[in-house]
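Chain order of the listed sequences is G and Y. Per full-length UniProt numbering, residue 1 is the first one in the first sequence, and the count goes up by one each step. Per full-length UniProt numbering, residue 1 is the first one in the second sequence, and the count goes up by one each step.
Only pairs whose alpha carbons sit at most 30 Å apart, straight line, appear in this in silico BS3-like list of lysine-lysine:
1. Y/80 with G/135
2. Y/864 with G/411
3. Y/556 with Y/599
4. Y/524 with Y/485
5. Y/864 with G/240
6. G/386 with G/345
7. G/353 with G/386
8. G/406 with Y/864
9. Y/50 with Y/80
10. G/240 with Y/223
11. G/285 with Y/377
12. Y/809 with G/396
13. G/135 with Y/50
14. Y/864 with G/173
15. G/193 with G/358
16. Y/599 with Y/516
17. Y/422 with G/421
18. G/131 with Y/80
19. G/414 with Y/341
20. G/103 with Y/59
21. Y/69 with Y/80
22. Y/219 with Y/333
23. Y/418 with G/363
24. Y/471 with Y/527
25. Y/485 with G/374
Please keep in mind that the hints were generated in silico from the structure rather than gathered at the bench.
Okay, here's what each chain looks like letter by letter:
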Amino acid sequence: MIHSLFLVNSSGDIFLEKHWKSVVSRSVCDYFFEAQERATEPENVPPVIPTPHHYLISVLRHRIYFVAVIQSEVPPLFVIEFLHRVVDTFQDYFGVCTEAAIKDNVVVVYELLEEMLDNGFPLATESNILKELIKPPTILRTMVNTITGSTNVGEQLPTGQLSVVPWRRTGVKYTNNEAYFDVVEEIDVIIDKSGSTITAEIQGVIDACVKLTGMPDLTLSFMNPRLLDDVSFHPCVRFKRWEAERILSFIPPDGNFRLLSYHVSSQNGYPVGYRSLVAIPVYVKHNITFREGSSQGRFDLTLGPKQTMGKGVEAVLVSSQLPRGVLNANLSASQGTYTFDPVTKMLTWDVGKINPQKLPSLKGSMSLQAGASKPDENPSINIQFKIQQMAISGLKVNRLDMYGEKYKPFKGIKYMTKAGKFQVRT
Amino acid sequence: MSASSAFSDEKGGSSSVGEPEYGHDPASGGIFSSDYKRHDDLKEMLDSNKDSLKLEAMKRIVAMIARGKNTSDLFPAVVKNVACKNIEVKKLVYVYLVRYAEEQQDLALLSISTFQRGLKDPNQLIRASALRVLSSIRVTIIVPIMMLAIKEAASDMSPYVRKTAAHAIPKLYSLDPEQKDQLIEVIEKLLADKTTLVAGSVVMAFEEVCPERIDLIHKNYRKLCNLLVDVEEWGQVVIINMLTRYARTQFLNPNLNECLLEEGGESTFYGSDADQDEDEDEDKKDEALSKRKPYVMDPDHRLLLRNTKPLLQSRNAAVVMAVAQLYFHLAPKAEVGVIAKALVRLLRSHSEVQYVVLQNVATMTIKRRGMFEPYLKSFYIRSTDPTQIKVLKLEVLTNLASETNISTILREFQTYIKSMDKDFVAATIQAIGRCATHIGEVRDTCLNGLVQLLSNRDELVVAESVVVIKKLLQMQPEKHSDIIKHMAKLTDNIQVPMARASILWLIGEYCEHVPKIAPDVLRKMAKTFTNEEDIVKLQIINLAAKLYLTNSKQTKLLTQYVLNLAKYDQNYDIRDRARFIRQLIVPTDKCGALSKYAKKLILALKPAPILESPFKDRDHFQLGSLSHLLNTKAGGYQELPDWPQDAPDPSVRNVEVPEWTKCSSREKRKEKKVEKPFYSDSEGESGPTESADSGNSTFYSDSASSSASGSEQSGSGSEESEESEERSDSDEEEEEEEEEAKKRKTQKKEPIEATISPSGSLKSYELLHRITGEGLWVEYCFSRQPFLPDPHMVAVQIQFTNSAATEAKSLRLEEAKLQSGMRVKEFPEIEVLPAGESATVVMGVDFCDSTQAANLQLCTHSRKFFVSIQPPVGELMTPSFMTENEFKKEQGQLMGMNEITEKMQLPERCQNEHAIVQRVIAAANLSRVPCGSDKEFAGRTVTSGSLVLVTVATKESGPSQLTINCEKMVIGTMLVKDILLALTQ
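Next up, chain Y with everything else stripped away, as it sits in the complex (with noise of 0.2 Å):
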């Protein structure tokens, strides 16, 4: 990387010098004719005070840069205004700076100290933003500050900072790739990220800069593969093809026992060893089936396949090629079918689109025929087609012939024979041939087509028949002896060189089949051969010879003839041939030795030639990508790996989860992994995440599997070990089938589960009357469990009753208008409630710590019902335990206006401890401080995590007093009216 930028800077320095200069460019107007004086007037309207000038002039500089002018003299005007208040004057001097400061290194400095501020910034978008200038200067000197800077901005709070610090990455790295130790251990922290905003960038970082240290990626793996779907598109295409090189070293090819069957039974299209014996290729095809154990996908292989299909959706094709590759080298054979479809699609797009997409159908099809022959007629050619798409197309209509399709495909090439492009219709003619050499039932009619072909008008056609029909004719030139003279004559006609060598080739090579006219041919041949091309003139020599070895009785002089002509021309390839034959043929005294063979070494049997796709074997380049579509390896590109014979260790993904997510078995274990963008993000085991990041990833996750809230609490307590041991044995299908047939079924018994009722019975509110409801008749209670998927949220069980006749379906919240800053997180839909039978499901609310109403809409297949959520406000806390000693200094800072205190009565069966504890308990969500003299009451508010802190003090004789210690005034007030009606009632 280093060593090329140094290559360009060089070039990139001697161009501005070089360019010349007009004076038509606004900034100089014409009128300074002088090259110092050139930039006076921008210079001038840099130094002024006035941002309007100043913009002005430097939208000038810009426009001069965008045409390629050099404006480096004005650096030192320019880089003063780094520091400009109006923004658009600081942003054009930031492209201003990043284009010049590696030419003024030393004046680039200046402006450093602007960036370094700017790192500092509260706001986000200006830290991003000077961490992208700062990184953009290439500046030798500054890298320790770049490193300094991304360091900081890799654990930044914000995740689009940390986005900005992984762009900065290869920047860096290509500046100075000394760093490349230091910066792998930021790439390896930034791939531990759960954002989806950071998850492209660092994994485009990693290619960048470390693509060989895989090892990286183990940990990451299954987060990546769920993140997928919700990053940008141009990440996903990065993160496909890494997905794809990674898999292919941990996996196991899960094609490999077909392979093993395909080998000995069917050839494929290009079958090489067909001569192979057949029985002997059987055995031990059996033999390595038997040893093989039976191939199970490994769940991380699968996932990565079942999270990249739904993207073949795509709007963007690089997406879906990348999808397309990522199936074509890892997806079992049975499943790539997939794909083709969506690439169909593709060659409606841009021209540039189809010519790539193109080439890489024209590989998978040497591959996998039977995937793009249901959609054969997409490849069929129009006339408006550029012709390098229709030469694309002919290779892949010619790659999908077969028996059962050649008549269609032929009749089609008919047409593209009369087309005006003569370009194509010689592919065409090309294709035909090779259609002719794989298909053995359509030679002949090939033969003959192309055999009319040869009265054609064009030259350039007949031509190309030629060298098609010499190719054809060496498979059988026994049946062909009529063709062969018929192009003897075409001699006189043809003038297109390959076209005539190609004739003399077959002359020569079979003057046996056609003993009285090849001397004719020779003969004519002499007498032009001054003026023939080179090729022509070899293959007269080749002529002359083969004649003079079977015939050289007519043949004698005019070989002489010809090899004295050919001595003194002017290429010594021909001067060279010559003489070799001479020596060969002629028999002198000096060398008897090799004339003795000279019969067998010209006249020997030449195999026929294999007409090949020139997309044969491509398919070892990833597909989609530069070197494939060159056909060459391209600087930087990674090898797609074989392959392992052993799958390595798949334990090395396992990620540890905190105690509360482990599930209980496998298929939970699985819905646990493709909800994982939803509570990667509240979990916060390593990495810096933000509250704001927990909604980012899971807005547009599916509604479907936000189930898994429920399986994750009802899971809790359960060990890893029994799922492992499940998960190794079992064919892939049936898991497949097993695993719907318990998501089912766990669906349904969920949320039952999952809603432990606390001690104590809870107050339940009613949702939605029955008769309002139409028969479904709705409540709800606060569980008083910590709500898992957010612990800011208050969980709210609702009990749905169906009492109506009829089954309800597809049950569900949506949020109607929630007050600002509330949110709530559904439950997952009931998809069906028999008549008479009741469910019970948990969802998530935060109600900002305020007592309004959440207020939602309730949705049932036909209906909606706008409902609310009323919480008391005891049940906006959670408890929390403290000591003695803890609560006292808690208390006495939240004392003046933070503390109510209300005198009351208590009633006579109110007075006894436990009754107290009790009333109090019950109304509010609080716990009591163990071993306190007075009965003290803790908790903390959901949302904020404000302390709310209650004291019961209970006299012999007098009132009661109640004290409330909150943060939240409003809190207390309300919380002091409750608890004193549940202790007095």
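Just chain G, same shape as in the assembly (with noise of 0.2 Å):
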């Protein structure tokens, strides 16, 4: 199925090829260059590219081009899908997943990739049995392969491959046993200008970090599992269990890992006028005017909090890529800094913790092209915060229980919410 693969960087260097078949020449890239040229922005590259003799299906994460050959019909999410996997893996292994990293470990990379694939087709995805096969590469490990000489292969063969739990490793030990989970949600939002929201979206995960010995069994119950209608789960997660009982059961695989991810939206299935689910905690005021005429432009933005349960709003990040036709930006914030690029016309304000007794705001002026014409176009604002302790869509984790293991182990479960695409248009 997949050919080959080219890692290319952002100056259009290829620094990596494999190949699980015949090898493919890396003219081939050529193609893919073109269409790099001709897409203005890098996220514009079109994921599928046809050639005379081959398709080119890439993804583009952390400035790499991830580019996959293949030759013949295959659904391409299948391999725009793996190819995640493989960068996900990558990140995995090595923390980051620059250029750098990959060009230093590119044994390891070799080797994974030898694993994961085998004549094209997946083998082995998960990271569980991966790290069976080859250990992720650690400073003290480095230091002592370098020394005596042994390697980063596991001896013993992957006897995961087999098992009937494929996610999970066998033979785990710990001497604490613990088991974190993290809510986290992301709102996405987009508001008018007026105020009123247009749509407004929860997109929550749970991600988990299990590090328990043995073989446990976990139940995970929820307060209010009516919520979670659009879920996706990891493949642990007995699906008839949480058809019957809403209850998630699963065996976890060793480590950190996505248990589940849900999707909260405001419109599905309610009738118009319902109050929608989707709580907004922040409100924004502002006025962003500019007139004909006058080389002025005025910028007046204010944030505040709206149901957040009492708690605080933090990390709060506005940006804005405001008309070509600005020069400058003259402004004053009451709280937080400022930057605005004048290149790119991005103004970014970082603005910290809101303040519900004194609201943060940012004000000035703007100065506009002399003789240019009042620009059309509106900017719109762009919002990102965190909040601590609370899932804005009310999910509670009710009990997490344990089953075949004897012993009794450390659980803890943190929420949070995060702004997604939070929009706000002018």
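Both chains are given apart, each in its own frame, so use the hints to dock them into the complex.
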């Protein structure tokens, strides 16, 4: 299916190639470079590019293009999903997935790619199995290896591939048994000029870090499982049990993994006018105007918290792409700092924490190109923020139980709400 | 395949030669300038006898390969290390070998014997890896060796090796397509495999080698459907895509009736034949409807839909997409809606995923608009989306536009027009145009909006608006002469050729509506003619021609002038056009015939253009496929066949099942199907299976349906014919309801049917006392029935009695802490046990031939109890039937340490033969050897199947003698005690 893989960095150099079938010349990437030139932005390179003899399917992550070469019909999502899985694996192994990290660990990368695909068909993509086959490099291990000449490749044969729970390593042992769950919700909103919500959705995930000895069987139940009607699971979750009892029952993989992700939206299935399920935790008052004939524009922005259930809104960052005609911005922030990049016309304001008593504001004027007419477009404002200890959808974990093992694990659950694509149109 | 590989082969070769070599790779270190000496240090390191040096060398070589450097000259030095002890060196050598074997075929052969040895290794993982590398070496000479290895591996004990064999099939096929027939045989064999590990890989091989052999799937269809949930995600994608194609050839179109209904009534978004006579259509439809029998969905079709649905919840976008396309292509219209939610969820994923999903959604929205309407807002565009995503979302929004939501959509479009991304603005204007053509009510609103855009400062926006307005005006030109006038003025400002051309065309076409302005425009254009772009020039000629015909008095000279200019243009199209027009419109002596019709030719009424989605009709490609995305057939694409007119014989999918699994009625049969992965492993009718597999697929299959263990037992001895009759009639919905009801009923009833008590009374033991159990009283006994789901388990019959005042709910067992090796097959959960009633269930326990108790947790809805089941030694065996001669022979082999003899004095009442037999059989689950001179009993232990032989020799006078021959001495000694006790008390 997947013939070859080329890794291309942002300056257009191929810095790694791997072939699973006959070698495909790297000149095939010229078609990719052509498409790259045509696209104005890096993310506008089409993910699928047909060439006379091959098809190129690429993903862009961490400013590296992963270009897969295929020769015949294959579902494009199959390849895309796999490439993303490769990136995730690299990230898992090296902490970061940069060109430098890949070059430093080129042998491990090669060994991983060798195990992940056989003749172009995915073979072992579970990180637990891979880690059994090839140990992730750590500073200590690298040092020991250079001195003793021992290897990264696991001595034992990977039994995980044969097991009934392929996602879990066998023979896991910890002195401290712990299971942590992070409920992280991202809220995607579009708010229009007048301040009314156009769309609001919550994209939630439960990420787990489970370090438990043996073969624990966990169940996780929620106070309000009804919220979760659009869910996708890690393969370890027993689907039937969820269907019947709305309880998550699973034998967890070892280490970090995403247990489930869910989607709560304000519109689906509810009649018009029904109170939205999605609470918007901040509001924005804005007044951005340009006057005809004047070379000045006014900029006025105030942020405030709402519906946060008493939790503080932190790490607030406001950014806005100002119109091309804006030369400079002369603003004053009541708190935090702002920067304006005159080349990209990007205005960013690092607000920090919102104090409900004294709302942060950014006011001032923008100078426009002399003689240029008033810009047609109004900039939209993107906001990032974090709210700790709260899941904005109201999702609450009821309890976590463990079966199958005798010891008592340490359990912890954390909630967090973040802004996803939070956009205010002006 | 072979041709293409040859192609890339050649390219690969040329690249490695043509690639310039720089001296900065770690191996050369910049010291060795000459090419010959370049890799000498690496060769030395590889030849050394230190593993660490070898490893270092291999690492450098692999790093060079990764960067695309040619290291083929090291081949001999590397291949020598193929048998190296160090596992990492070995792996890296494999990497190298697979990369260069094709170029160095002869040398590569040196390594083959190592792999051949590996194929015989007792360790399954080594066998698998040897096969993997062997099959990856693309050397034609070893094709026979590969073929042999694949064939052998296909019947390997280990499912992992079989999986590797499946992977090797496409490799061999691409190397030598002549082997196809032999490979198909292997595929057929592997398709019958019942493990989830193999299923995905073999279907992938099937798709690559022989996708046309759909007949191979028949027998495996149900099994594949049932295994699907447990197959790894990549396999799921391949299987689902293949099954979609399969279903299209085997089942009837579930939407056939609705299609007919639809045709006449509401015309679809792009409904073309609106002019058809309504009545006639209606009649036809009725006729067609009455001719058709009511549609009944094939149960196998239903099975596929039901078993794929949970996969919409997969974390893997490719799986979700595969299920979505399956539903789109196969499901009845009413059920397709479920996929919308899942697809919308994918829109939060990486932008590449969004790109592909949106393309597919765009196609779907044309056919089934209603499905995505509730999710309209999920397609709203953010300023941060990449342009290609924005354009696709716009496409979807446009497809979703209807009378009811158009105002919301237009309001949304208005904000988009202000965007800074001009390509996107242009696309939005196109989209507005499309909405306006399809929804008559908003046409004027849209037109006004677009006209306003004409005064926009951005030229691109204006140009795009002009093009769209031109198309809209063509629909009702007479109403909008003021707009045409307005546009005529724009020619002074707009420079975009396409827009200028559009304006000129409009003025020419409707010059009667603007009789005064048109000649003036032509005058201006004639002035600038030489500087215009080609498309504009062509339109100037057209305008001139049209004006000449309608208003020759004013424009005759201008036209002549333009045509003269065009005559000497650089572009031959324009010269041609000028010549043609001149002959046509300017009457001369020679060609009078045509010029009579000039007016008719040039000023003919032109139909308004239909603005169509580029995604129209894309659904003839299988959704989610590469071909669909590119809208051209990609190599190796398998057409999605049309539904058959009449359903092919459904019985081809019937699989012969062993006697004891046959079930009596339809709903049990269904249940059985759901449960297939569970016992398909243990029945072992064909294909290699291992006992280790048996747990595999069930592990994560549902707990609710494990009730099948009961249904299997009860169903034995019934007929198959009945069920097929029942299947075909009755409505689908009714069927499902009925099924549900029966399921509920059977869940309560079955266990009782299932436990046919054996002759003689059974001794029951208490599992849970009614006081500790708070009213729940549980007893167990050993039913001495073979436990069918797993012959290595002892059947334990459990009776629940609820003596409490309230009902007990969800009674089930959980394995608390079992001794190593012990296994338990739980009984199906009892949902409700009303107060005062009792229920009996059967479960299986593998005690591993030991009398240690199985410790379990008995759970109710509110509490958990720790309970244990302690088997008497006599229950650890099953009767074994043998003749006396066999008995003697076996006994002869179990002498010495394996024989235990005990003397005893039988009491009075125990003297006769009947009493002895009864007591022995009560104490141990053995069978008497018929016609034996002594009282001989035989059995085998349940887990290991070791023989247990018991002889009771009675003498007229003196003590009797009890002899037990058993391989397992512990069992023997314990059994002696038990039987002694039974006989003497």
